[in-house]
Structures are given as structure tokens and as C-alpha cells.
Amino acid sequence: MSKRQISLRGKDILGLEMMTVPEIEVILETACQMKGIIDRDIKKVPTLRGKSIVNLFFEASTRTRTSFELAGKYLGADVVNITASASSVTKGESLRDTLYTVEAMGVDVIVMRHEAEGAAQYAANVASPVIINAGDGAHEHPTQGLLDMFTMKEVKGKLDGLKVAIVGDIFHSRVARSNIWGLLKMGAEVHLAGPKTLMPYYIQEVGVHVHNRVEEALEGADVVNVLRIQRERQHKGLFPSAREYARIFGINQARLDLAKPDALIMHPGPMNRGLEISPDVAYGDQSVIQEQVKNGLAIRMAALFLVLTGGKNIETTA
Amino acid sequence: MKLLLKGGTIIDPTQNYNQVADLLIENGLVSKIGENLSTTGAEVFDAQGLVIAPGFVDMHVHLREPGLEAKEDIASGTKAAAAGGFTTIACMPNTKPVVDQAIIVSGILHRAQLEGVVNVKVIGALSKGQQGKELAEIGDMILSGAVAISDDGSSLDNNRLFKIGLEYTSMFGCPVISHAEDESLVDEGVMHEGAVSAMLGMKGRPSVAEDIAVARDIMLAEYTDSQLHIAHVSSKGAVELIRQAKKRGVKVTAEATPHHLTLTDEAVKTFNTAAKVNPPLRSADHVAALLEGLKDGTLDAIATDHAPHAFEEKDIEFRQAPPGFAGLETALGVILTELYHTGKFTLVEIIEKMSTAPASILNIEAGSLKAGAPADIAIIDTELEWTVDSSAFYTKGKHTPFDKKILKGKAVATIVSGKFVMRKGKVCI
Numbered sequence: 000m001s002k003r004q005i006s007l008r009g010k011d012i013l014g015l016e017m018m019t020v021p022e023i024e025v026i027l028e029t030a031c032q033m034k035g036i037i038d039r040d041i042k043k044v045p046t047l048r049g050k051s052i053v054n055l056f057f058e059a060s061t062r063t064r065t066s067f068e069l070a071g072k073y074l075g076a077d078v079v080n081i082t083a084s085a086s087s088v089t090k091g092e093s094l095r096d097t098l099y100t101v102e103a104m105g106v107d108v109i110v111m112r113h114e115a116e117g118a119a120q121y122a123a124n125v126a127s128p129v130i131i132n133a134g135d136g137a138h139e140h141p142t143q144g145l146l147d148m149f150t151m152k153e154v155k156g157k158l159d160g161l162k163v164a165i166v167g168d169i170f171h172s173r174v175a176r177s178n179i180w181g182l183l184k185m186g187a188e189v190h191l192a193g194p195k196t197l198m199p200y201y202i203q204e205v206g207v208h209v210h211n212r213v214e215e216a217l218e219g220a221d222v223v224n225v226l227r228i229q230r231e232r233q234h235k236g237l238f239p240s241a242r243e244y245a246r247i248f249g250i251n252q253a254r255l256d257l258a259k260p261d262a263l264i265m266h267p268g269p270m271n272r273g274l275e276i277s278p279d280v281a282y283g284d285q286s287v288i289q290e291q292v293k294n295g296l297a298i299r300m301a302a303l304f305l306v307l308t309g310g311k312n313i314e315t316t317a
Numbered sequence: 000m001k002l003l004l005k006g007g008t009i010i011d012p013t014q015n016y017n018q019v020a021d022l023l024i025e026n027g028l029v030s031k032i033g034e035n036l037s038t039t040g041a042e043v044f045d046a047q048g049l050v051i052a053p054g055f056v057d058m059h060v061h062l063r064e065p066g067l068e069a070k071e072d073i074a075s076g077t078k079a080a081a082a083g084g085f086t087t088i089a090c091m092p093n094t095k096p097v098v099d100q101a102i103i104v105s106g107i108l109h110r111a112q113l114e115g116v117v118n119v120k121v122i123g124a125l126s127k128g129q130q131g132k133e134l135a136e137i138g139d140m141i142l143s144g145a146v147a148i149s150d151d152g153s154s155l156d157n158n159r160l161f162k163i164g165l166e167y168t169s170m171f172g173c174p175v176i177s178h179a180e181d182e183s184l185v186d187e188g189v190m191h192e193g194a195v196s197a198m199l200g201m202k203g204r205p206s207v208a209e210d211i212a213v214a215r216d217i218m219l220a221e222y223t224d225s226q227l228h229i230a231h232v233s234s235k236g237a238v239e240l241i242r243q244a245k246k247r248g249v250k251v252t253a254e255a256t257p258h259h260l261t262l263t264d265e266a267v268k269t270f271n272t273a274a275k276v277n278p279p280l281r282s283a284d285h286v287a288a289l290l291e292g293l294k295d296g297t298l299d300a301i302a303t304d305h306a307p308h309a310f311e312e313k314d315i316e317f318r319q320a321p322p323g324f325a326g327l328e329t330a331l332g333v334i335l336t337e338l339y340h341t342g343k344f345t346l347v348e349i350i351e352k353m354s355t356a357p358a359s360i361l362n363i364e365a366g367s368l369k370a371g372a373p374a375d376i377a378i379i380d381t382e383l384e385w386t387v388d389s390s391a392f393y394t395k396g397k398h399t400p401f402d403k404k405i406l407k408g409k410a411v412a413t414i415v416s417g418k419f420v421m422r423k424g425k426v427c428i
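Here the protein sequences line up with chains A and B, keeping their order. Quick note on numbering: numbering that gives the first Met the number 0 labels position 153 of the first sequence as 152, and the sequence is numbered without any gaps. Quick note on numbering: numbering that gives the first Met the number 0 labels position 264 of the second sequence as 263, and the sequence is numbered without any gaps.
Hint data in this document are derived by calculation from the structure and do not stem from the laboratory. All C-beta atoms in this analysis are idealised placements derived from N, C-alpha and C, irrespective of residue type, glycine included. Just so you know, not all the hints are guaranteed correct.
Stated by the list, open to error - Partial pick of chain B residues on the chain A-facing surface, computed with a CB cut under 10 Å:
no.	residue
1	G193
2	M198
3	P205
4	F270
5	T272
6	E311
7	R318
8	Q319
9	T381
10	D402
Just need the whole structure built from these sequences, with the hints factored in.
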């Protein structure tokens, strides 16, 4: 099948596990064009004029929500944010009823973030607007996976054959899982490292390499993706202290030097500087952390554009 | 009042009987089995091509009454049992209030007399309020009719209390039934810990949590010389521990459920809350070990763990959904489809596991077609193909991981005390 025939129109984006390679490629290619719009002086095209998007966020988020909001607005759509604290959710409304309410207002796309794994799948099952998963618990965060791959491909020119190290709290990370599915599909080699208490048992069965020592994962890597470590995990006793974590798993220049000289350093944000990543690495020459944010916007523009139009001309109305 | 079941294949493990014959019921009791019995004065049921078995005994049912009638009540639960070929069911005490006093045991038995379609036996709680702190009035409950003692619903982690519960219950000749999962290891787990949970990002309930709890239970049963029954065994480690214990002569029995015997954790990949259950559906290696354990007698009985919930309780995010689903109306079909028609088990073995063995563990008068036994009978069409339609269930709990599945084999009639309570899938009372 040629790429021309790949259409994401009307399709939910729930996770990279369910996505095909041609679908991933179409999004990455479309994001390339979108990136051009972000750099324009007047960042507004009429493509999605008349379309409405609701950001339905049951969990705190700054960058992802803002990114989706701007993505929709740059493309001319109407975007409304609903946060759980400000909605009827606090009054004890069920997820089904919240979704029905949003649906009844004629919304075209629901961008949803929720603390429970499978919440996006549930939304797709019960509601008719297109669902874009903006993070469901520790399950998936597909647009983050896509923007990470976009960033890698943009610099390295390819994904196939890249050695990507993902370091940190794999267990609680939806970013890790979307990266794993996406990267494996695109032919990259994935190495995981982090405390064994934060590494899911049996994850090697999907084809990733698991290391106890972060140094082993970094050895010869093309990309080092550093995950945020949440202090709350320490409070649950999954590692003894922040300083010990930083000493054993923190990515500093000495560790980064084990990777290829031109290895990229990535982080989905927000960072705990001095904990999982040292400031010199975070702001160093190899860091593409700022670029990730920009690419995130491009990916979300691409995702919204493709699910709403199927991929027609970007410059005209839908 | 005579009823003659004519020309069916009569299978009774307690008499090693397995041949085409007639069965005569008189005054609610099995009168005789034999070829070409006289039809004089009897209502005749043509059982040609059908199997006649002692009615099934489900030793693990949540009837939810009192207090949780949105999920199930005695009327709906016993109808579901009748529809599934069950003639006796034992109900678990995790109701609201908990069945931890004789008066509640008596109350359920009384209600079951009035509203029940099949025989109901009551299992009393081990600890007051199932709080795991102090013994419930176990003796009083048993004297009022309780047939076993259990804190099922969750594990009883307090070793000392579990030991005392075993000691005390054993005085009355009843088993303690254990839901064996170590709570601290289960933590916030919502599914089996394995490759599927690893990539769904959901917290796992590791099989080792079950292994440890089963090991503890067995050691204390051995120490106190008490009768222990392990509910819904789901891990291969537990199977092996029970096997070894039986070899040593420990008085331990065990059950497996139709779902643990036939489904894996792949069933929750779509976050289907109808497949959420404790202990969880595990990976294929565990399922294989369960089938092996059922075959070699390590696992004595098949029980459903029928655990109905209301629509809205399961219509929720997976991690928040309560564990359990309906089992009475699918059990036989699932077992015949996956265990009998695949050639893994004989009908005699299945009937033994679903009727004779659980009756024997609970020490109740059921599970046999001997002359003089209550005429509690399941009539089965092993070849009937049907599609599971949860919306047509008699139980109030419409959730099942087997929904829309095509099964082969079904109870087509159920007789309790000589009277039809179900015919052609319809409960008739």
C-alpha cells in the first residue's frame, strides 16, 4: 500500500502499540510540514476552521495541554480546555457521563489525559468524537512517543538501527512505553536501565534489552532518553534516596561520554535537575530537550490535522 | 409423584456408573436406576442423547444478599445457578453486613427456602466483620447450618488469627476456605504481573503473592491438623505446593475456576473490566499447570467464584473496577468446550469435579445419584452449540469475559428435589 492511501481520518490515536508503521510515517512526515508553520511570523492557517477540540485533562499538565491547545489554534480550530478540578468530575460524575456531555456539544476531537491506564480506550469505546490519548496512567502517551521519534529522526536522519537508551523509572512511565512500541516498530534497538524496583518484570519479552547498570545501556547509544523520576516513588520506598539515585542512575557528562560522541540527550520534561539529569548535560551541546518541545507542537498539529482531514492540503479549509 | 428420565447416559462418579439407562425419581428422591424401567404412573422425560448427572455443586458463589442486592440477590443468583445446571451452591460471607453471626446464617437459609430456586449452603466468616482481628462466632454459625468458614474476598494476612481459625473450625469438622494472596505483595496490583501488565503499565499481582499465601496456609493446616481448602487456585507455584502437601498427608483440598483454567491475561489487553478478577487471569504457563493439577487430582473441584457486580460498578476505569464477574451460567459450557471437547478431560472427570468432589469437601448430601439421595440432577446436552449473551443472564451481574463466545455443551434441564427448576434454558418456578 502506498503512503498516499494511508488515512488517519476519524481514527483514534490511543497508543503506538496499535499504530502501523505507515501511519507513524505519515504523522512524522506531516509534522515536518507543520514545523514550517510554527516558524512563520503569522502562525495561523485556516485548515481546521470550524472544527472544535476539547482538551479533557483529568491530571495536571502544562506542556502537553498547551501544546495541543496551540496546535489546534494554529490550525484554526476552536479549542477549549476542561480540567478535572474545574469540571463536574469533582462532583462525582462518571467518566462515561463526562464524555457524553462533551460529545453532546458537538466536539470533533477529545484530547484526553487521565490517571488510569486504559481511560483513552474506554473513551474511544463509549464516545463518538475522535479520541487522542494525551497520557493514560502509565500506559501510553503516543504523541510524546511520536515527537521523540521525530526529534531523533530529524537529527539522525533515520530511526532504523539506532540504539536508544531509555533511563529511569520505566515502571511508571507512559513515555517509555510509547517510545518502546514506536521505536521497535521503526527498527530501532531499545535499551532500558533503571532501578530494578522501577523496572517491570517480563518487559524484555517485547524485545527490549534490560540492564541493571545504566552504563551498559549507554554504551554506544545514539540517543539517551532520560525519564523524570518522581519523588513520590522514593516515598513509597522504591529507592532509598534522591542522592543515591543521582549517584547511581543520574545522567552526567561522564556517563554520557559512554554513548556515541554525537549521541542526543532527551527528556520529556519536567526535569529534576541534579536528580535524573545534571544541568550541564541538560543544557549541553548534545541536548535537544528544547527542540523536543517545539517538535511536540508540530506532532500535535499533524495528529489533529490528520484525524480531522485525512491529510489534504494544509493551507486550505477542511 | 414419579418422574422417569428415560434413555439418557447416566453418569454417577459415586457409583462408577456410566451407561444409557433410565432413572426413576419418587417423592423427590432418586428411586432407582436401570434399563427399561416401568413408566407406569410417571411423568416421562425423554433423555435420549442427553447426559444425566448429579446436579452441580458450586462451592464458591457470591450471592450478595444481604446488603448488596444491586449486584445479586438470592432469587436472581439461584435462578442463575439453575440455568447453569447447579442444584446446590454455597455462598460466601462477604456481604453487608458480613455473615459473621448465626442469625445471619439462619436468615440466609430462611430466605433461600422462600426465594431460592436451588439449594443454598452458607459459608460463615472466619473473623468478625472479615476484619482479620478477632474470631467470629464460628461454632454458633456452624450449629446454625454454616458448612465452611472463610474470609474470602481478601486474604487473611494475620498468621496467628488464621492459625486460631483453623484450630477452632476443625473442632466442628468443617473446612476453612482461603483466598490466598499476600496483600503486601499484591499491593495495588490490578492484573497478573507479566509481559502484558508490563506493557499496559498496570500494576501486577505477582503469582508469588499467591504462592507465599498458599505455603503459609498449608503450613498452618499441617501444624494444626486442620482441614484447609484453597479457593480459586491460579498460580503454578500454588499447584505444586498443594501437590506436595497432599503427598505429605496434609488435609488440603483445592478448587480452580473455569476462567483460570481457560483464559490468560491477554483477556485484559483491551482494559475490559469484565475480565478483572482476583486472583487475576494469569499467563499460559500457569493455565497449563492448573490443567495438569486438575488432571492429577491436586485440584479437587471446579468452582465458579460467581461474583456479580452492577453495571455502573464495572463501567469505570479498569484500575477502579471491582474484581469478579458472573460465572454460574457459563461454567459448564466453558468447561465442556475447553476441557471436554478438546479431549483433555472425560465427562466422568468433569462431573466429579463439578459435583461429587465439592459436595464431599463441604460434607453435604449432594453429588450422587445413589438410591435414596435427593433427586438433584443436571441434564446436559454436550453437543449443543450456543452463544454467550450476558444480557440474557438470570444473574444481575452481566459481566463475563466469555461474552459473545460460542460454546459447545449446556445444561438443558435442572431438577431439584425431583422437580424441574429449569427446562430448555428457562428457569421454571
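Status of each hint after checking the structure:
For G193(B), the suggested interface contact is upheld, since its CB lies about 5 Å from the closest CB of chain A, less than 10 Å. Taken as an interface hint, M198(B) checks out: its beta carbon lies about 6 Å from the nearest beta carbon of chain A, inside 10 Å. With a cut of 10 Å, the hint placing P205(B) at the interface with chain A holds, because the nearest CB-to-CB distance is about 8 Å. Hint status for F270(B) relative to chain A: holds, with the closest Cβ pair at about 3 Å, below 10 Å.
Restraint check, T272(B) versus chain A: the minimum CB separation of about 9 Å is within 10 Å; hint holds. About 7 Å separates the beta-carbon of E311(B) from the nearest beta-carbon of chain A, less than 10 Å, and the hint is met. At about 5 Å, the closest approach between the beta carbon of R318(B) and any beta carbon in chain A falls short of 10 Å, and the interface hint on this residue holds. Below 10 Å, beta-carbon pairs count as interface contacts, and Q319(B) has one with chain A at about 7 Å; its hint therefore holds.
Interface restraint check: T381(B) against chain A, minimum CB-CB distance 36 Å, threshold 10 Å, status violated. Nearest Cβ of chain A to the Cβ of D402(B): about 14 Å, over the 10 Å cut. The hint is violated.
Figure legend: structure checked against the earlier numbered hints; hints not met, in rising order: 9 and 10.
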